[in-house]
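Peer 1: One-letter residues, chain by chain:
2 protein chains.
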Amino acid sequence: MIYAVILAGGVGSRFWPFSRELEPKQLMKIVGEKSLLQSTVERVRGIITPSNIYVVTNSIHFYEVKAQLNGFGIPDDNIILEPQGKNTAPAIGLAAKFIAYGDPEAVLVVLPADHYIKGLPGFRRTLKNAIHAANSGLLVTIGIKPTSPATGYGYIKIKSKIKNQRSKILAVESFIEKPNLVNAKKYCKSDKYFWNSGMFVWKASVFLQEVKHYLPGLHRSLVSIHIMKDVERVWPTVKSISVDYGIMERTKKIALVPAKFYWSDLGSWDSLEEFFHKDKSGNILSPDTLALGCKGVGVFSRSNRLICAVGAKDLIVADTPDALLVCSRDKTQEVKKLVGLLKLANRKEHLVHLTERRPWGKFTVLQSGPRFKIKLIEIDQGKRLSLQRHKQRAEHWVVVSGTATVTIGNKTMLVRSNESIYIPNATLHRLANLTAAPLQIVEVQTGEYLGEDDIERFSDDFNKGSRLDV
Amino acid sequence: MIYAVILAGGVGSRFWPFSRELEPKQLMKIVGEKSLLQSTVERVRGIITPSNIYVVTNSIHFYEVKAQLNGFGIPDDNIILEPQGKNTAPAIGLAAKFIAYGDPEAVLVVLPADHYIKGLPGFRRTLKNAIHAANSGLLVTIGIKPTSPATGYGYIKIKSKIKNQRSKILAVESFIEKPNLVNAKKYCKSDKYFWNSGMFVWKASVFLQEVKHYLPGLHRSLVSIHIMKDVERVWPTVKSISVDYGIMERTKKIALVPAKFYWSDLGSWDSLEEFFHKDKSGNILSPDTLALGCKGVGVFSRSNRLICAVGAKDLIVADTPDALLVCSRDKTQEVKKLVGLLKLANRKEHLVHLTERRPWGKFTVLQSGPRFKIKLIEIDQGKRLSLQRHKQRAEHWVVVSGTATVTIGNKTMLVRSNESIYIPNATLHRLANLTAAPLQIVEVQTGEYLGEDDIERFSDDFNKGSRLDV
Chain A
1 MIYAVILAGG VGSRFWPFSR ELEPKQLMKI VGEKSLLQST VERVRGIITP SNIYVVTNSI
61 HFYEVKAQLN GFGIPDDNII LEPQGKNTAP AIGLAAKFIA YGDPEAVLVV LPADHYIKGL
121 PGFRRTLKNA IHAANSGLLV TIGIKPTSPA TGYGYIKIKS KIKNQRSKIL AVESFIEKPN
181 LVNAKKYCKS DKYFWNSGMF VWKASVFLQE VKHYLPGLHR SLVSIHIMKD VERVWPTVKS
241 ISVDYGIMER TKKIALVPAK FYWSDLGSWD SLEEFFHKDK SGNILSPDTL ALGCKGVGVF
301 SRSNRLICAV GAKDLIVADT PDALLVCSRD KTQEVKKLVG LLKLANRKEH LVHLTERRPW
361 GKFTVLQSGP RFKIKLIEID QGKRLSLQRH KQRAEHWVVV SGTATVTIGN KTMLVRSNES
421 IYIPNATLHR LANLTAAPLQ IVEVQTGEYL GEDDIERFSD DFNKGSRLDV
Chain B
1 MIYAVILAGG VGSRFWPFSR ELEPKQLMKI VGEKSLLQST VERVRGIITP SNIYVVTNSI
61 HFYEVKAQLN GFGIPDDNII LEPQGKNTAP AIGLAAKFIA YGDPEAVLVV LPADHYIKGL
121 PGFRRTLKNA IHAANSGLLV TIGIKPTSPA TGYGYIKIKS KIKNQRSKIL AVESFIEKPN
181 LVNAKKYCKS DKYFWNSGMF VWKASVFLQE VKHYLPGLHR SLVSIHIMKD VERVWPTVKS
241 ISVDYGIMER TKKIALVPAK FYWSDLGSWD SLEEFFHKDK SGNILSPDTL ALGCKGVGVF
301 SRSNRLICAV GAKDLIVADT PDALLVCSRD KTQEVKKLVG LLKLANRKEH LVHLTERRPW
361 GKFTVLQSGP RFKIKLIEID QGKRLSLQRH KQRAEHWVVV SGTATVTIGN KTMLVRSNES
421 IYIPNATLHR LANLTAAPLQ IVEVQTGEYL GEDDIERFSD DFNKGSRLDV
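For the protein sequence lines, the chains are A and B, in the order given.
Heads up, the first sequence is in the working numbering, so the first residue is 1 and it goes up one at a time.
Heads up, the second sequence is in the working numbering, so the first residue is 1 and it goes up one at a time.
Just so you know, these hints were derived from the structure itself, not from any lab.
If you're wondering where the values come from, they're calculated on a predicted model, not measured in any experiment.
Treat the hints with care, since some could be wrong.
Note that identical chains are pooled: a pair holds if it fits in a single copy or bridges any two copies.
Said to hold, decoys possible - With a straight-line Cα cutoff of 30 Å, these simulated DSSO-like cross-link-like pairs (lysine-lysine) come out:
{"id": "1", "residue 1": "K343", "residue 2": "K280"}
{"id": "2", "residue 1": "K343", "residue 2": "K185"}
{"id": "3", "residue 1": "K280", "residue 2": "K391"}
{"id": "4", "residue 1": "K336", "residue 2": "K278"}
{"id": "5", "residue 1": "K343", "residue 2": "K212"}
{"id": "6", "residue 1": "K362", "residue 2": "K97"}
{"id": "7", "residue 1": "K391", "residue 2": "K239"}
{"id": "8", "residue 1": "K343", "residue 2": "K278"}
{"id": "9", "residue 1": "K157", "residue 2": "K343"}
{"id": "10", "residue 1": "K295", "residue 2": "K348"}
{"id": "11", "residue 1": "K280", "residue 2": "K186"}
{"id": "12", "residue 1": "K313", "residue 2": "K168"}
{"id": "13", "residue 1": "K157", "residue 2": "K212"}
{"id": "14", "residue 1": "K189", "residue 2": "K411"}
{"id": "15", "residue 1": "K337", "residue 2": "K280"}
{"id": "16", "residue 1": "K348", "residue 2": "K278"}
{"id": "17", "residue 1": "K118", "residue 2": "K168"}
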């Protein structure tokens, strides 16, 4: 049987400030109306039955991934959770182990969740060719014919020139790390070089054999995992390593199948250029933007602020409510480094958006003062927050739309739109939306101490993953 | 007697988005802890008695100017209000007329409210020289010796070279409009050229004679004004014209006194360069900014967002909660044009900040939704809003600091910190801060229609000027 293993554990920090560690690139809508993860699932589900589609992700993303997969028919158990990201080799190994346990002959189609692909018929033909090769025991990498001398990708050199355009399976000579521009130009002109796309097809059993041979430490870890719960114990000791570096550059069983579709890894802000409308001066402008004498400027906005650019050239402006990026177009790769610095500085802006998602909905801190904090809280249909209590702070709730079911002490009551209620400090309370419509409330917190850690939880519907309450 | 006429009617739109039509440059703190208007008053009050200091401004700025002049001992009646801005000749004419009425021998020191000056002793010596010349019937313009080939200023050519460094009063040959760079370089090297600073000294009577001769229409308008109230009727028919173009370029009575102080007109974002600390790469960075590989970047922030710049060169970033400007450093003059476009487009961002000032305090719209609006309202000590009523919307008020005196219908009560109160629609109400401490409340408006025009006012402490309530 054929299985998809979708790798959705990355951070995609080069799209900061749109992407955050807790809201990574693959869960974002970058091009089109679906997230990259949803588009990836959509692409394979005509070829692979939903119950055979697996998604590997970080456990902190469980509820968001689950919500995004809603409607695709993928069982919750197919979401494989890593307590820590360990790069691609361990992630694929973990999926291979679990799938092979139920189906020793399983063939895995390994797909990153955060790429853009156009041309579904070509994608299917490519997979068919790759599956054919995989069935004969090869580790197949899907190669992209370069269309530009990109220096941001690894390249794969094949053994002989392609004589016949129809050749479907090619022998690989070597892997080449990200080249300089001179070499990239040479590779781009030659017909012996492909971009390394990170898409692979192989039998789970063959892959695990190669792991045993080339990454024996990882193999021992995988062998010691019997049930999903074991992962939490074993994973911290697993070494981070990419499948390219750990297996593909060393295995003798490698083959390359050329992609018959359009591909972009959406690697940085600059890569979005081809997906959006440009004005006569080559500017991509979000709706609430005014540009005067600009050229090659890309404005991407998730705030509701007016953005004006005057006389700017070759610049990316990416705006969110709590963080702004202004980046020269030829330096968009550096954004990753920037995010690393923010993390080192213990900032919040690399981790979460101002509007933070929770399994039950989301909330935004609208304003903080010395003795107050104002939040807009949105609770999804049928969801409720934990039963909780705050030592220090009191809370005023004004329902602005929907109907809240509020428990205070041992009383439960309905609070309707345009009504308000007061929760004194030290009082047990719970907020729920038992209706079929969304619920929005404004919470005004007052008190001497308003830290998020002033909360005691007594009962919670959500305990998978590790995201905080509100 | 000597009088100061401080011209505080400008908009200073080149400092958008920090400056707005209702919060113009002269009322802003750009350099130092005082506004430019306050610094201007401070500069002259050692030389001119406060009761002789007049400020000409637009009537919409009355309460803000009054608040800024608090403590300087300047009578409210010395704030001369124009219902519309008509450029400098009418503004000075109006002040001259009113001052000459009480003191026919008055000498006026005319100062723009929005310039930066350093060197108080030199400033005083300059004024002394200029007043001396004015007393002999001359119209004195204060000229600045160019320190760079600036193309943003008008130049004044004197009749003969300065042979004696001590020469205090110079004859003027001609006015030169903003030159190109080639000419500016020539002027900068020569000792016959000065920058036109817009600071003037003359007898009110001499000035009004020249207005009669060169601007007879304006003179007729001024003659028809007998009391301040007449201005409202007359002003709409007055033609906008600068004193340079209308009088100084044509009068035979002109003389130039060289400035003996450091001067900057703070004409644009780029002019701030000399006032702020630069890092090794020539970047000026506001506190919450991270710059990676940037050169010559100026980040000015009035938002509380993180700003990151990567690989940018010679760029100004000016950030506010509702509008962002990204501007090439050599195009900062174009910001004025940009603001003109915003005005044409009927935007709000050229007019007011997200936090709007009112005579009684200020308010900020924190969030708007389809059926709700959340405001943070701050009421100054001893102030109150109008007695009012809304047809459509209901209001929830949560006091977050201070004590509110709230009238609802015919009842008045105290609402203390951490207490809340509900104002149903169609109910007469009033919000007051009768304490000696500031009052902060969070207002959650709910209802089908939340437009600012849903208000009926029954009594108001503020009716001078034309600023809206909340």
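Peer 1: Hints first: check each against the structure and report whether it holds.
Peer 2: Hint by hint, here is what the structure shows:
no. : hint           : result
1   : K343 with K280 : between (39 Å within a copy, 24 Å between copies)
2   : K343 with K185 : neither (35 Å within a copy, 49 Å between copies)
3   : K280 with K391 : neither (59 Å within a copy, 49 Å between copies)
4   : K336 with K278 : both (26 Å within a copy, 26 Å between copies)
5   : K343 with K212 : neither (35 Å within a copy, 69 Å between copies)
6   : K362 with K97  : neither (35 Å within a copy, 63 Å between copies)
7   : K391 with K239 : neither (42 Å within a copy, 66 Å between copies)
8   : K343 with K278 : between (34 Å within a copy, 25 Å between copies)
9   : K157 with K343 : neither (37 Å within a copy, 58 Å between copies)
10  : K295 with K348 : between (33 Å within a copy, 26 Å between copies)
11  : K280 with K186 : neither (32 Å within a copy, 39 Å between copies)
12  : K313 with K168 : neither (44 Å within a copy, 48 Å between copies)
13  : K157 with K212 : within (26 Å within a copy, 88 Å between copies)
14  : K189 with K411 : neither (74 Å within a copy, 84 Å between copies)
15  : K337 with K280 : between (32 Å within a copy, 20 Å between copies)
16  : K348 with K278 : between (33 Å within a copy, 27 Å between copies)
17  : K118 with K168 : within (20 Å within a copy, 77 Å between copies)
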